[in-house]
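Please take these sequences and the hints and turn them into a complete structure.
Chains as they are written, first to last, in the working numbering: chain A, 73 to 257; chain B, 73 to 257; chain C, 73 to 257; chain D, 73 to 257; chain E, 73 to 257; chain F, 73 to 257.
There may be inaccurate statements among the hints.
Derived list of chain C stretches under chain B, where covered just means 3 residues or more per stretch with a C-beta under 8 Å from a C-beta of chain B [unchecked claim]:
| id | stretch |
| --- | --- |
| 1 | 113-119 |
| 2 | 124-136 |
Between beta-carbon pairs, the in silico distance windows are [to be verified]:
| id | chain 1 | residue 1 | chain 2 | residue 2 | range |
| --- | --- | --- | --- | --- | --- |
| 3 | C | Gly239 | E | Gly83 | 32 to 42 Å |
| 4 | A | Ala185 | C | Pro82 | 53 to 63 Å |
| 5 | C | Phe128 | D | Cys168 | 42 to 52 Å |
| 6 | B | Pro86 | E | Gln158 | 50 to 60 Å |
| 7 | D | Glu197 | B | Phe128 | 51 to 61 Å |
| 8 | D | Glu197 | A | Ala85 | 41 to 51 Å |
| 9 | B | Ser179 | F | Ser129 | 49 to 59 Å |
| 10 | D | Gly83 | B | Glu197 | 52 to 62 Å |
Short, incomplete list of chain B residues facing chain A, as computed with Cβ under 8 Å [claimed, not checked]:
| id | residue |
| --- | --- |
| 11 | Leu80 |
| 12 | Val96 |
| 13 | Gln143 |
These are calculated hints, taken from the structure and not from any lab test.
Glycine is no exception: its CB is placed at the ideal position from the N, C-alpha and C atoms.
There are 6 protein chains.
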Amino acid sequence: MPVVSITLLPGYAPDTQHRMVNRVAQAVRSVIDTPEAGTTVFVNEVSTYRRDGKVFSGGRAAHPVASEVVQSFLQAMQERDLQKAQSLLHPDFRMCFPGSVVMHNLSELTAWAAQRYSRIGKHYEQFEESWQGDATVVFCHGTLQGTWLQGAPFEGIRFIDRMEVRGGLIYRQDVWNDLAEHRQA
Amino acid sequence: MPVVSITLLPGYAPDTQHRMVNRVAQAVRSVIDTPEAGTTVFVNEVSTYRRDGKVFSGGRAAHPVASEVVQSFLQAMQERDLQKAQSLLHPDFRMCFPGSVVMHNLSELTAWAAQRYSRIGKHYEQFEESWQGDATVVFCHGTLQGTWLQGAPFEGIRFIDRMEVRGGLIYRQDVWNDLAEHRQA
Amino acid sequence: MPVVSITLLPGYAPDTQHRMVNRVAQAVRSVIDTPEAGTTVFVNEVSTYRRDGKVFSGGRAAHPVASEVVQSFLQAMQERDLQKAQSLLHPDFRMCFPGSVVMHNLSELTAWAAQRYSRIGKHYEQFEESWQGDATVVFCHGTLQGTWLQGAPFEGIRFIDRMEVRGGLIYRQDVWNDLAEHRQA
Amino acid sequence: MPVVSITLLPGYAPDTQHRMVNRVAQAVRSVIDTPEAGTTVFVNEVSTYRRDGKVFSGGRAAHPVASEVVQSFLQAMQERDLQKAQSLLHPDFRMCFPGSVVMHNLSELTAWAAQRYSRIGKHYEQFEESWQGDATVVFCHGTLQGTWLQGAPFEGIRFIDRMEVRGGLIYRQDVWNDLAEHRQA
Amino acid sequence: MPVVSITLLPGYAPDTQHRMVNRVAQAVRSVIDTPEAGTTVFVNEVSTYRRDGKVFSGGRAAHPVASEVVQSFLQAMQERDLQKAQSLLHPDFRMCFPGSVVMHNLSELTAWAAQRYSRIGKHYEQFEESWQGDATVVFCHGTLQGTWLQGAPFEGIRFIDRMEVRGGLIYRQDVWNDLAEHRQA
Amino acid sequence: MPVVSITLLPGYAPDTQHRMVNRVAQAVRSVIDTPEAGTTVFVNEVSTYRRDGKVFSGGRAAHPVASEVVQSFLQAMQERDLQKAQSLLHPDFRMCFPGSVVMHNLSELTAWAAQRYSRIGKHYEQFEESWQGDATVVFCHGTLQGTWLQGAPFEGIRFIDRMEVRGGLIYRQDVWNDLAEHRQA
Numbered sequence: 073m074p075v076v077s078i079t080l081l082p083g084y085a086p087d088t089q090h091r092m093v094n095r096v097a098q099a100v101r102s103v104i105d106t107p108e109a110g111t112t113v114f115v116n117e118v119s120t121y122r123r124d125g126k127v128f129s130g131g132r133a134a135h136p137v138a139s140e141v142v143q144s145f146l147q148a149m150q151e152r153d154l155q156k157a158q159s160l161l162h163p164d165f166r167m168c169f170p171g172s173v174v175m176h177n178l179s180e181l182t183a184w185a186a187q188r189y190s191r192i193g194k195h196y197e198q199f200e201e202s203w204q205g206d207a208t209v210v211f212c213h214g215t216l217q218g219t220w221l222q223g224a225p226f227e228g229i230r231f232i233d234r235m236e237v238r239g240g241l242i243y244r245q246d247v248w249n250d251l252a253e254h255r256q257a
Numbered sequence: 073m074p075v076v077s078i079t080l081l082p083g084y085a086p087d088t089q090h091r092m093v094n095r096v097a098q099a100v101r102s103v104i105d106t107p108e109a110g111t112t113v114f115v116n117e118v119s120t121y122r123r124d125g126k127v128f129s130g131g132r133a134a135h136p137v138a139s140e141v142v143q144s145f146l147q148a149m150q151e152r153d154l155q156k157a158q159s160l161l162h163p164d165f166r167m168c169f170p171g172s173v174v175m176h177n178l179s180e181l182t183a184w185a186a187q188r189y190s191r192i193g194k195h196y197e198q199f200e201e202s203w204q205g206d207a208t209v210v211f212c213h214g215t216l217q218g219t220w221l222q223g224a225p226f227e228g229i230r231f232i233d234r235m236e237v238r239g240g241l242i243y244r245q246d247v248w249n250d251l252a253e254h255r256q257a
Numbered sequence: 073m074p075v076v077s078i079t080l081l082p083g084y085a086p087d088t089q090h091r092m093v094n095r096v097a098q099a100v101r102s103v104i105d106t107p108e109a110g111t112t113v114f115v116n117e118v119s120t121y122r123r124d125g126k127v128f129s130g131g132r133a134a135h136p137v138a139s140e141v142v143q144s145f146l147q148a149m150q151e152r153d154l155q156k157a158q159s160l161l162h163p164d165f166r167m168c169f170p171g172s173v174v175m176h177n178l179s180e181l182t183a184w185a186a187q188r189y190s191r192i193g194k195h196y197e198q199f200e201e202s203w204q205g206d207a208t209v210v211f212c213h214g215t216l217q218g219t220w221l222q223g224a225p226f227e228g229i230r231f232i233d234r235m236e237v238r239g240g241l242i243y244r245q246d247v248w249n250d251l252a253e254h255r256q257a
Numbered sequence: 073m074p075v076v077s078i079t080l081l082p083g084y085a086p087d088t089q090h091r092m093v094n095r096v097a098q099a100v101r102s103v104i105d106t107p108e109a110g111t112t113v114f115v116n117e118v119s120t121y122r123r124d125g126k127v128f129s130g131g132r133a134a135h136p137v138a139s140e141v142v143q144s145f146l147q148a149m150q151e152r153d154l155q156k157a158q159s160l161l162h163p164d165f166r167m168c169f170p171g172s173v174v175m176h177n178l179s180e181l182t183a184w185a186a187q188r189y190s191r192i193g194k195h196y197e198q199f200e201e202s203w204q205g206d207a208t209v210v211f212c213h214g215t216l217q218g219t220w221l222q223g224a225p226f227e228g229i230r231f232i233d234r235m236e237v238r239g240g241l242i243y244r245q246d247v248w249n250d251l252a253e254h255r256q257a
Numbered sequence: 073m074p075v076v077s078i079t080l081l082p083g084y085a086p087d088t089q090h091r092m093v094n095r096v097a098q099a100v101r102s103v104i105d106t107p108e109a110g111t112t113v114f115v116n117e118v119s120t121y122r123r124d125g126k127v128f129s130g131g132r133a134a135h136p137v138a139s140e141v142v143q144s145f146l147q148a149m150q151e152r153d154l155q156k157a158q159s160l161l162h163p164d165f166r167m168c169f170p171g172s173v174v175m176h177n178l179s180e181l182t183a184w185a186a187q188r189y190s191r192i193g194k195h196y197e198q199f200e201e202s203w204q205g206d207a208t209v210v211f212c213h214g215t216l217q218g219t220w221l222q223g224a225p226f227e228g229i230r231f232i233d234r235m236e237v238r239g240g241l242i243y244r245q246d247v248w249n250d251l252a253e254h255r256q257a
Numbered sequence: 073m074p075v076v077s078i079t080l081l082p083g084y085a086p087d088t089q090h091r092m093v094n095r096v097a098q099a100v101r102s103v104i105d106t107p108e109a110g111t112t113v114f115v116n117e118v119s120t121y122r123r124d125g126k127v128f129s130g131g132r133a134a135h136p137v138a139s140e141v142v143q144s145f146l147q148a149m150q151e152r153d154l155q156k157a158q159s160l161l162h163p164d165f166r167m168c169f170p171g172s173v174v175m176h177n178l179s180e181l182t183a184w185a186a187q188r189y190s191r192i193g194k195h196y197e198q199f200e201e202s203w204q205g206d207a208t209v210v211f212c213h214g215t216l217q218g219t220w221l222q223g224a225p226f227e228g229i230r231f232i233d234r235m236e237v238r239g240g241l242i243y244r245q246d247v248w249n250d251l252a253e254h255r256q257a
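Following this line, the structure appears as structure tokens:
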């Protein structure tokens with residue numbers, strides 16, 4: 073046990089269904105101590121469905137995968153494709169960087185970063201998702217490498233990003249890293 | 073839609089079942105764009121269950137809530153109850169602090185911290201869980217307040233902890249914060 | 073076929089569950105030409121249920137049986153227990169009698185009837201319910217017997233009542249009968 | 073709650089399935105006080121089904137909608153298309169009109185009516201169905217308009233028809249109206 | 073896969089439910105090549121059930137285990153408790169022994185056997201059931217040991233019994249063995 | 073009751089599904105005393121299925137029908153098509169004939185039989201299957217007809233075969249018959 077049956081309207085892509093059975097299995101296994109071997113989840117498609125006095129004929133849209141949205145954003149930033157990066161941001165986007173520096177758009181960020189290092193890259197160790205109903209929060213951590221303003225290189229400096237994704241767009245980015253630890257030294 | 077039916081062996085506490093329906097609903101809603109009003113999850117208890125050639129008569133244990141484990145640990149640390157804090161750590165526990173400082177036991181941590189501040193407290197804004205099957209990762213972020221070694225007070229300094237919980241014990245703790253940003257200044 | 077599974081929260085009386093499986097079977101058989109022998113309906117009680125972001129622990133109230141409400145009303149009228157009859161009427165109650173006579177309270181009705189016959193009784197042949205979601209409409213037909221104002225007896229005069237029941241109270245009563253046919257003759 | 077799952081053999085038209093989920097929802101809501109928002113009904117098609125020692129490969133026929141059968145009959149009568157009207161009647165058809173006038177075929181009815189009014193039409197307010205397993209009873213009420221034998225017009229005279237439909241044919245028609253009330257005056 | 077859900081009325085003993093999930097798993101695995109690990113069967117008890125126009129409140133009786141009936145019979149025969157053995161036989165019981173010897177009651181059998189050996193015992197290797205709907209056929213095979221009429225002992229002589237069980241009683245017994253092979257030698 | 077729902081991955085042939093619902097019905101009816109009319113079994117195909125951490129997209133192979141495997145083998149033997157008969161045998165095939173004669177290949181059998189009769193044929197009365205999880209055991213019984221070595225004909229001599237089928241191949245054959253009874257006489 074457990075056996076989980078997910079009843080859906082027809083029309084969801086296999087990929088969406090796979091993601092759903094995987095996530096539901098993980099949610100269930102976060103609550104009870106059951107091995108993978110004993111965890112069964114399947115999707116059953118109905119032919120007609122009625123709720124709230126209405127008959128529905130097709131399911132609602134699938135969300136994009138939140139960590140893929142975040143990866144696309146991070147890659148666009150890396151490639152300095154600010155237009156693409158901007159397209160993945162929620163109108164109310166807000167970011168917060170070390171030192172409690174709060175910014176709202178990417179040009180601000182670029183200007184702020186230019187005062188701290190001349191080049192920066194990220195090596196990602198892990199993307200992790202927290203499913204919270206209306207939002208999915210993506211955490212990614214890894215290490216930074218780059219060049220200080222004075223030209224000295226750095227690498228292996230720890231960072232973590234917390235990215236709140238709502239409706240497929242990044243609503244909030246919070247960044248922590250050890251740059252100051254190293255700058256200091 | 074969707075309608076999710078979770079079939080369980082009898083014997084899980086109501087609290088465990090509530091947690092399960094809530095988490096499964098969140099997992100489902102992380103995949104498709106369905107409102108709470110259209111998301112139905114229920115638990116159905118079977119009277120007899122057979123898998124893998126065996127008949128089971130009662131469910132497996134429920135996990136403790138990972139963020140509660142983390143909260144207990146953090147509170148024990150705050151209250152300097154190192155014995156209780158230690159009891160919540162996995163035998164292979166490992167922690168990593170700003171500057172890539174890796175430690176394995178709490179007395180190391182106490183000694184290290186004593187060189188950085190004379191007193192520290194945490195104000196928690198949010199605990200967030202990432203359900204990953206065999207592990208649940210708890211992220212908590214908020215602000216630090218305390219006193220520098222030189223006696224000056226500080227407060228509102230951002231931090232985030234990443235705590236990996238396995239089998240009800242903390243396996244790994246990673247800490248990021250802005251202390252260096254402020255110490256520097 | 074068909075096999076109908078009704079999943080309910082626990083706590084509904086056996087009587088309520090019986091009524092539900094019977095009515096659902098009738099609803100299904102009104103749509104497809106399936107014999108009783110092939111029509112299976114059962115009630116399954118869940119142990120935990122969540123919808124619309126809330127976990128529910130017990131079901132909602134059962135409605136009184138609409139045709140029993142109507143029968144109680146008709147019997148109270150027959151026994152001239154106007155207080156009891158009144159207690160079964162919706163605040164917005166409205167009745168309509170032959171000749172499009174619209175009245176709103178039972179004393180009006182008594183006065184109106186006193187001009188048409190000195191005594192009246194009803195013999196009921198059938199109570200039939202139409203299930204319409206927020207309302208159940210009860211139709212009852214049969215024959216009237218009684219005494220005309222001039223003292224002559226009558227009997228076997230056809231009538232039909234249409235009674236709209238909402239929230240367990242009679243919202244509207246419409247009456248048709250053949251009294252005028254016979255009065256005329 | 074409730075969640076109702078209707079398991080059917082494949083092959084029923086979407087329209088039939090829609091009708092079924094709607095009617096089942098109404099039947100359920102006639103028993104318990106549950107809002108539309110909390111009432112979920114869906115149809116699940118099986119791929120193989122066995123009962124009574126036999127494997128079935130397709131569902132049985134859908135019934136025509138009883139109130140549509142009645143409407144077709146009433147319209148054919150209105151248009152004096154007696155042949156079409158007759159085709160909708162059960163071989164054992166029996167009708168009963170005000171004054172307990174019992175007739176069995178449409179020509180009798182035409183002759184009888186000719187002695188009461190020279191022209192008649194019906195304005196329908198509502199068609200209501202009572203689902204009773206082997207039969208569905210359709211009630212329709214509204215007002216009559218037309219011309220008396222002497223040439224005077226009338227309108228707004230209340231009527232109600234009770235039509236018992238079995239196997240898609242009208243088995244019995246009972247009619248009540250206020251014509252005598254008005255003829256008298 | 074597969075996942076098999078058996079919906080039962082309440083009241084069946086745990087032992088009966090265990091037997092049912094085991095047998096259903098075996099039936100399923102006789103058709104498709106699925107390992108035990110992937111075969112899930114559970115019993116779900118309903119709270120109300122309606123079929124064929126009737127509401128049922130408790131399940132029907134469980135059958136005795138057919139191979140246990142056969143074992144009781146064989147043991148009673150071994151212990152020469154003919155009364156008990158007889159009580160396990162169907163009124164239409166018929167047995168057929170090597171040489172197509174047909175008998176209907178146990179005293180016939182005793183007389184017939186007395187002409188063939190002075191003592192006989194059975195060593196059972198296996199009881200196997202064939203589930204056939206209205207009947208379960210039990211096959212048991214093993215070896216015979218005993219004493220010939222002339223006093224010589226024998227052992228290890230192969231036999232097989234085919235026992236048809238209907239309604240908990242043995243309806244027919246067919247016996248094959250190698251006694252003649254050995255008598256001959 | 074009962075109502076049995078078998079949830080399968082898509083892709084099993086209708087024939088396989090029919091066999092499965094039939095066998096499951098027989099397994100259920102071997103345990104409880106329920107008539108065919110009250111025994112409902114259906115197959116429900118899922119669109120996505122996950123167990124043991126893996127998402128499966130199609131079902132596993134269906135087994136050949138064990139009694140058909142046995143019939144093919146017996147017919148090939150009858151037609152002296154030893155190559156075909158051999159192809160239906162498991163590599164570890166073992167047979168045991170009256171007198172505890174154990175053999176492992178068909179040529180041994182042919183040689184052994186040649187010493188006992190010059191011609192033999194089988195008339196089958198019944199094939200019966202015992203479903204045992206990893207194996208299905210097929211029992212067939214009937215009568216033998218043929219010619220003794222000395223040329224005399226025989227017929228109507230009882231036999232029973234027990235054939236253990238694993239993975240679609242015959243693993244073991246045990247044979248009992250009354251030939252010795254008759255040879256003796």
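Hint by hint, here is what the structure shows:
1. Residues of the stretch 113-119 of chain C lying with their CB closer than 8 Å to a CB of chain B number 3, which satisfies the three-residue condition for coverage.
2. Note: the stretch 124-136 of chain C has 4 residues with beta-carbon separation from chain B under 8 Å; the three-residue rule is met and the coverage holds.
3. About 37 Å separates the C-beta atoms of Gly239(C) and Gly83(E), a value consistent with the hinted range of 32 to 42 Å.
4. Take Ala185(A) and Pro82(C): their Cβ atoms lie about 59 Å apart, and the range 53 to 63 Å holds.
5. Range check, Phe128(C) to Cys168(D): Cβ separation about 49 Å, and the 42 to 52 Å hint holds.
6. Pro86(B) and Gln158(E) have their C-beta atoms about 55 Å apart, which keeps the hinted 50 to 60 Å range intact.
7. A hinted range of 51 to 61 Å for the beta carbons of Glu197(D) and Phe128(B) is consistent with their spacing of about 60 Å.
8. Range check, Glu197(D) to Ala85(A): Cβ separation about 48 Å, and the 41 to 51 Å hint holds.
9. Distance hint check for Ser179(B) and Ser129(F): the Cβ-Cβ separation is about 53 Å, which falls inside the suggested range of 49 to 59 Å.
10. Taking the beta carbon of each, Gly83(D) and Glu197(B) are about 56 Å apart, inside 52 to 62 Å as hinted.
11. About 5 Å separates the beta-carbon of Leu80(B) from the nearest beta-carbon of chain A, less than 8 Å, and the hint is met.
12. For Val96(B), the shortest C-beta to C-beta distance to chain A is roughly 5 Å, which falls under 8 Å, so the interface hint holds.
13. Hint on Gln143(B) is violated. Least Cβ distance to chain A is approximately 16 Å, over the 8 Å limit.
The structure shown violates just one earlier hint, number 13.
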